[in-house]
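Chains as they are written, first to last, in our numbering: chain A, 1 to 548; chain B, 549 to 674.
Hint data in this document are derived by calculation from the structure and do not stem from the laboratory.
Glycine included, C-beta positions come from ideal geometry on N, C-alpha and C.
Don't take every hint at face value.
As the list claims (entries may be wrong) - Label-pair distances were calculated between CB atoms; the ranges are:
1. T170(A) to R578(B): 40 to 46 Å
2. A158(A) to R575(B): 50 to 56 Å
3. R575(B) to E62(A): 55 to 61 Å
4. D282(A) to Q581(B): 33 to 39 Å
5. Q285(A) to R633(B): 30 to 36 Å
6. S188(A) to R575(B): 26 to 32 Å
7. H41(A) to A560(B): 41 to 47 Å
8. R361(A) to P673(B): 54 to 60 Å
9. R578(B) to K63(A): 50 to 56 Å
10. P426(A) to Q581(B): 42 to 48 Å
What the hints assert, rightly or not - Simulated pairs of lysine-lysine, DSSO-like, Cα-Cα distance not exceeding 30 Å:
11. K297(A) to K669(B)
12. K84(A) to K297(A)
13. K43(A) to K669(B)
14. K84(A) to K43(A)
15. K43(A) to K217(A)
16. K626(B) to K557(B)
Claimed, not checked - Covered by chain A, per the in silico footprint, the following chain B stretches (three or more residues, Cβ under 8 Å):
17. 572–579
18. 628–642
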Amino acid sequence: MNETPVLIVGGGPVGLTLALALSRQGVRSTVVNDRKETTRHPKLDVVNCRSMEIFRQLGLDEKIRAAGNPLDANQYSAIAASVKGPVYTVMRERHLIYQPVETARTLIRECTDGSLPLESMQRIAQMHLEPVLLAEARADPNIDVRFGARLFGFEQDATGVTALVHDVDTRAQQHHRARYLIGCDGPSSRVRNFLNIDYDGTRDLMGELFIIHLRSKAIAGLFPNGQPYWHTWLSRPGFSGLLVSPDASRDDYVLHRPFGPRPGESLEDIVDAALGTQVPYDIVQSGPWRPQFLVAKSFGRHRVFLAGDATHQYMPTGGLGMNTGVTEAHNLAWKLAATLAGWGGPKLLPSYEAERLPVARRNREHVKKCAAAAFESQFQTSAAVLAPGAVGEAARALVAREFEARTSRLYESLGAELGYRYGDSPIIAREEGREPPCDEVAYLPTTWPGARLPSAFRDDGQAVFDLLDASGFTLLAASSARNEAERLTLAAREAGVPLRQVLLEEPRLRQLYERPLVLVRPDQHVCFRGETLPSEPRRLIDLIRGAA
Amino acid sequence: MQAFLGDLKLRALLLATERLMLRARARSERVRQLVDEASHVLQIRTESGCGGYFEVRQGRVRMRFGLHEAPDFTQTWKDGGDAVRALTSRDEADLARAFEAGACRMSGSFLVALWFNEVMKLARPR
Ligand SMILES: Cc1cc2nc3c(=O)[nH]c(=O)nc-3n(C[C@H](O)[C@H](O)[C@H](O)COP(=O)(O)OP(=O)(O)OC[C@H]3O[C@@H](n4cnc5c(N)ncnc54)[C@H](O)[C@@H]3O)c2cc1C
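Next comes chain B alone, as it looks inside the complex (with noise of 0.2 Å):
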């Protein structure tokens, strides 16, 4: 039932995600230029398969759920519950704790990580 709901979790932060990125690409020159610069995939997930990509291409942000084939940069969490912990954290390094505890493993370029991290900064509202 946890992991259910921690599933749940995570998807709706994916799609809350795409939101604001698309909101702030619309506001933000940084982001749109960061958006515009961009090619990559970046995948979320957990072990159990739920989750979604961002993929960002040609100026565009579009986020599915699912697994991408090829993605550019991946964390793969145990768990929906402390992805979404994690990720809506506005304390950075907790992403490198839950890296450091097990809770979460990463894979590809951390570069994409950065760029995330970026966007997601600037989207956030203060």
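The following block holds chain A by itself, in its conformation from the complex (with noise of 0.2 Å):
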């Protein structure tokens, strides 16, 4: 019997993550993956802000920038006729997300209003993120890796999960016992089936859309420098599509359709169109998927737990699939470490539900708004748009214009990447007032209970999120505000509880976070702010740490 504090099931980028941050809270972990390997799929195309924000508090921000699109490429994302043109136009400059990372460090680095997040997103294929992580966890002494092992079934008691592996290849069994068991294994999760938790929502909303995967060398040069865009967005009179380069500096192009080969049709046939030239390619794999925009009902019960796209499944419009599993296993992470040390209190497990469930439902809202967006931004395509002279310009700039207006949802929603609030959570400390707009588009930074504190650099230009305790609470406290940190600092003594004073002597700062008390979680979001402490602190203790 293999005696582990975390049995995650599912090595996919959600269960290696949820694993990693475990471990970098001391927990010790086994993960069980059925595949051997990780994917050869290029599947998702982007590590969003809040995500790489995530990656930097694991130390891995770095490693996964190594392996995706080089800090000085482009992700840019243009709509045209075809790769070959004509292009109606390229969105470049209007946000941080599609400057290079580098460019977009120092815009980071110049922000001082709090209005954008520590780190830029990441263009990169999953295939090539997997590998990352997976590496990671074979390296770290807490991880036990198993590939090649699938989860059979499992039963839970007042103290555990006993759970049954099987080795894919010999079948010998392997029996694991964990006090905790997390699902992060896929849309088909056998956990989430096994709880009895079904998804709300209606399936294949959208039919059976079609992928193809090509690599070539040829591609690149149909670009300016040679450096393919992020998303090239195709829509003509009778083709539409989306190339995507997951990564500027590789070969591998994903090619979206809205839907499979018509009768006769040769792939061959449908990638020319999407190029609009012959250059030589090869198709690595293809077939039809269908996405869906589905939440589970539930996210788990007493001792087992559901993440990533266990809990969810979305379209990729937006690319929050991943990256929501990515937020999901850092809010849990932090609550199963606290409760496995002992000072996390009861409800603080089952805030996990209450926190995510509602977050999950509001990017499957914005996701289907990107989807809808994406189709609308094609509405205006005529045939004028291959005209040339003045009608074909005209046409061109209305496509572009729409495109600009409607599409540019899909890249620029801070306020759905680092905008969610845990506002209605049982272990946030509510504020009475008028809460800030919570825009799915537009990211407001705000210190209101529940949400992301907003991220900002001191004076001597150190990352206030690097100052924050990834295991256990940071009071920020203004000077003025000194002994009344104490006062907090004393009460989580008590409970045991482990909080950080960082003491912020920068007017700025001290205005941009609101009050002369802002407490920080381990995941970075505000639990309590006020211009001074309640009359029982330890009260306030309780309740974030789930004992109230």
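Using the hints, build the complex out of the two chains.
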């Protein structure tokens, strides 16, 4: 019998992130994954800003960036008749997101109003991200990685979970005993099925889309400076699609079509039509797939929780599939660690669902709007887009305007990425008064309880996020609130709760953080703010550790 | 003659669709929820002006023949027969095929089309 504090079922990006996040908190885990190797399909093509902030906290940001799009390469999104042209417009300067990481870093460093993330997004294919996470997990003594091992079933009791796992080759049985089991086992989650938890939502609203993965050294030459744009949307009478280059330094491309080949149409016909010319390429794989807009009705029961695609399935418009899963893993990791360490109260783990289910639903609505926007931006495409002269120019300008107005939502929605809040959570100290707006597109920096702390830099250039305790709470206090900070520290110590004090002298930061006392959780979300502490600080500590 | 028949089929489809929706609203909690939350007008028409619109407001659905002055989403079909074929197909991608082939133009909010897809999926007899 293998004994482990946490058994993670599924070694995809979310399961591996969870294992790594637990390890950073000193918690051992076992990861079982039925596939014997990481995915060979490009799948995701963006690790978004919030996930990159999380990977920075885990010390993985540089490794992930090194495996993806070069730091000086573009992250542009364009719309064109075909890759060869005519190009209607390219979104490049209008938002941080499109900038090469190097340029984005300067913009982020210069930002003083908290409106930008600490990390810009990373353009990278899932098939290149997963090996980074897997290598990191394999090298970590806290993580026992078992690929080629499939969860068959489990049972939970008052003190833990017993799971039966099969070796996929030999069918040899492994028995695991864990305090907690986390199903990160993807869209067909066996763990979710065992718990009898359904998705809510109606399947197959978009029908069957089609995807072609191809490799070519020549396609890059169709782009300025030989550097493929991240996304090239294709729209002309008789043809629509999206060509994705998940990494400008590699030869992989993914062509998305709204439906499979027509009778008599070959894959090559489709690729040539997308490119608008004939260049050499190899088709690696292709096939239909069905995007969904589904969210699990519950995120777990008792000692078993779900994260990643096991809780939600989204169409990739907006890039929130894995990225939502990463924030789920981040939310769950510190709660598991605190509970295992003994300072987490009985309401801490149940708060995972209370906090994350509403975010999963919010993201679903956002993703749906993104999918709709992607369709709508093609509505104005007419035969005139291919016409010469003023008529053609006007038609192309119209499509360009629609694209920038609508499809930009897919990329620029920092409100969805950073702006989600856990305001109704039972472990957040609620505040009277009017909550600031919480838009999906525009991110509004705020320390309203439940919000992610706005990112900022100290006068010496240090990122405030890097000062936060990843395994405990951090009290950001103005020097005028030093005594109050001491009282809270004392109360935390009494409850055995790790709490770090950071005194902020900079008036700029005090203004940004709105209150002299801002209490931040290990997942960088604010759980309390105030001019002063409540009269009984211990009650506040008990609330935020899930013991009130 | 073919256009006339297509228009006729489209009108019959619109009527039948309204019936299906009303029945589903009475039977399915999810459809009721979708209808209750929605407030929009979806127009289905041909280029020649035949068609109708579904007005969904305050928990009610009603179909009217004719053209609405400000629909939230419009499908304009070259031919009523094509519209009927695509709209009765169980393959959701048929609408995208028709759009790409130029058989149908669309304007307005595609979210309304997604709403319609979902209601029809739940409303159609399996
Ligand atoms: C074309 C496409 C583009 C996408 N683009 C993006 C994007 O840009 N951004 C984004 O965030 N997301 C994107 N996604 C979604 C992203 O790929 C998924 O959200 C992500 O893979 C989810 O990760 P996961 O770890 O939750 O699940 P998975 O990646 O599905 O991993 C689950 C793992 O569990 C294993 N497993 C399953 N059952 C068992 C069992 N019984 N026992 C043991 N192991 C088991 C599986 O083998 C698998 O390795 C895209 C998806 C597609 C298809």
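Do the hints match the structure? See the list:
At about 45 Å, the CB distance of T170(A) to R578(B) agrees with the hint of 40 to 46 Å. For the pair A158(A) and R575(B), the supplied restraint of 50 to 56 Å is violated, since their beta-carbon distance comes to about 42 Å. Judged by the Cβ atoms, the range 55 to 61 Å given for R575(B) and E62(A) holds: they are separated by roughly 56 Å. A hinted range of 33 to 39 Å for the beta carbons of D282(A) and Q581(B) is inconsistent with their spacing of about 48 Å.
Against the hinted window of 30 to 36 Å, the Cβ-Cβ separation of Q285(A) and R633(B) comes to about 32 Å, which satisfies the hint. For S188(A) and R575(B), the hinted distance range of 26 to 32 Å is satisfied, since their beta carbons lie about 29 Å from each other. The hint said 41 to 47 Å for the Cβ distance between H41(A) and A560(B), and at roughly 44 Å that hint holds. Distance hint check: the CB atoms of R361(A) and P673(B) are about 29 Å apart, inconsistent with the given range 54 to 60 Å.
Checked against the hint of 50 to 56 Å, the pair R578(B) and K63(A) fails, with Cβ atoms roughly 44 Å apart. For the pair P426(A) and Q581(B), the supplied restraint of 42 to 48 Å is violated, since their beta-carbon distance comes to about 26 Å. Taking the CA atoms of K297(A) and K669(B), the gap is about 20 Å. The hint holds against a cut of 30 Å. At most 30 Å may separate the alpha-carbon atoms for a hinted pair to count; K84(A) and K297(A) exceed this at roughly 46 Å.
Restraint check for K43(A) and K669(B): satisfied, since their Cα atoms lie roughly 28 Å apart, inside the 30 Å limit. At roughly 24 Å between alpha-carbon atoms, K84(A) and K43(A) fall within 30 Å of each other, so this suggested pair holds. With a C-alpha separation of about 20 Å, the suggested pairing of K43(A) with K217(A) holds against the 30 Å cut-off. For the proposed pair K626(B) and K557(B), the alpha carbon gap of about 14 Å is at most 30 Å, so the pair holds.
Judged by the Cβ-Cβ criterion of 8 Å, the segment 572–579 of chain B is not covered by chain A as claimed, because only 1 of its residues qualify and three are needed. With a cut-off of 8 Å between beta carbons, the segment 628–642 of chain B has 4 residues touching chain A; three or more are needed, and the interface restraint holds.
Of the numbered hints given earlier, the model fails hints 2, 4, 8, 9, 10, 12, 17; all others are met.
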